[in-house]
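Chemist: Each chain is listed here by its residues.
There are 2 protein chains.
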Amino acid sequence: MIAQTLETPYYAVIFTSILNDKINKEEYAKTAFRMVELAEQQEGFLGIESTREDIGITVSYWKSLESIKKWKFQTEHTLAREKGRSEFYKAFKTRIAKVERDYDFFIKDIK
Amino acid sequence: MIAQTLETPYYAVIFTSILNDKINKEEYAKTAFRMVELAEQQEGFLGIESTREDIGITVSYWKSLESIKKWKFQTEHTLAREKGRSEFYKAFKTRIAKVERDYDFFIKDIK
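Residue numbers (full-length UniProt numbering), protein chains in the order written: chain A, 1 to 111; chain B, 1 to 111.
Simulated from the structure, these hints should not be mistaken for lab results.
Treat the hints loosely; a few may be bogus.
Which copy? The list can't say, so a pair holds if one copy fits it or any two copies do.
Restricting the straight-line Cα-Cα distance to at most 20 Å, the calculated cross-link-like pairs of lysine-lysine (PhoX-like) are [to be verified]:
1. K70 - K90
2. K98 - K25
3. K69 - K98
4. K22 - K98
5. K30 - K98
6. K30 - K69
7. K90 - K63
8. K98 - K63
Extracted from the complex, chain A is given alone in its bound form:
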């Protein structure tokens, strides 16, 4: 789903990653699902978009830098991120960005 975010400005965390060749895929999927579930409960969470082919891109949207910081240090998330480094990911890059403008296009009724 395309995230229905608020009016700008708001913040985006762009997380791009490459999985290790040998991982427990079930455990990874479970952890990824749990992190979305947890993020949704955080104050300031606005939405998330995620997809993976050879690389994975997950963009989560937040009201403020403060809400991103709180999410970063949420205990269960911190443990999952440690597992990310030690087991799941071969490489990743995290970018914190301020969304200054946005626009969209939706076909409501396709005939």
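Using the hints provided, position chain B relative to the given structure of chain A.
Modeler: Below, chain B without anything else, positioned relative to chain A:
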């Protein structure tokens, strides 16, 4: 590939999209490929990351808002965007964001 961008700050264009059910996939792939090729030739282009499952996420990185604006109005890109609205996409959202911080993790030698 994870884009190897410069030091912050720089800009990201986060483009999230859903394809129409009936499109000419070959034409779409050709257009998408051509747009990456063209973007790479633009002044201020820093890199691009792209992946698609049920939604597609493409993040392109740019030196400045000025370089994004020039890319937006590049003639061939403008034509492709019109085709995007009229043929390829059911919905999309474009977000222009200033990347304020980034950090990464790369395993160089996996034994």
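Chemist: Work down the list of hints and note, for each, if the structure agrees.
Modeler: Hints versus structure:
1. K70 - K90: neither (26 Å within a copy, 35 Å between copies)
2. K98 - K25: neither (32 Å within a copy, 33 Å between copies)
3. K69 - K98: So K69 and K98 pass the 20 Å test inside a copy (14 Å) and across (17 Å) alike.
4. K22 - K98: neither (35 Å within a copy, 35 Å between copies)
5. K30 - K98: neither (29 Å within a copy, 32 Å between copies)
6. K30 - K69: neither (23 Å within a copy, 41 Å between copies)
7. K90 - K63: neither (30 Å within a copy, 27 Å between copies)
8. K98 - K63: Both: 10 Å inside a copy, 15 Å across copies.
Taken one by one, the earlier hints fail for this structure at numbers 1, 2, 4, 5, 6 and 7, listed in ascending order.
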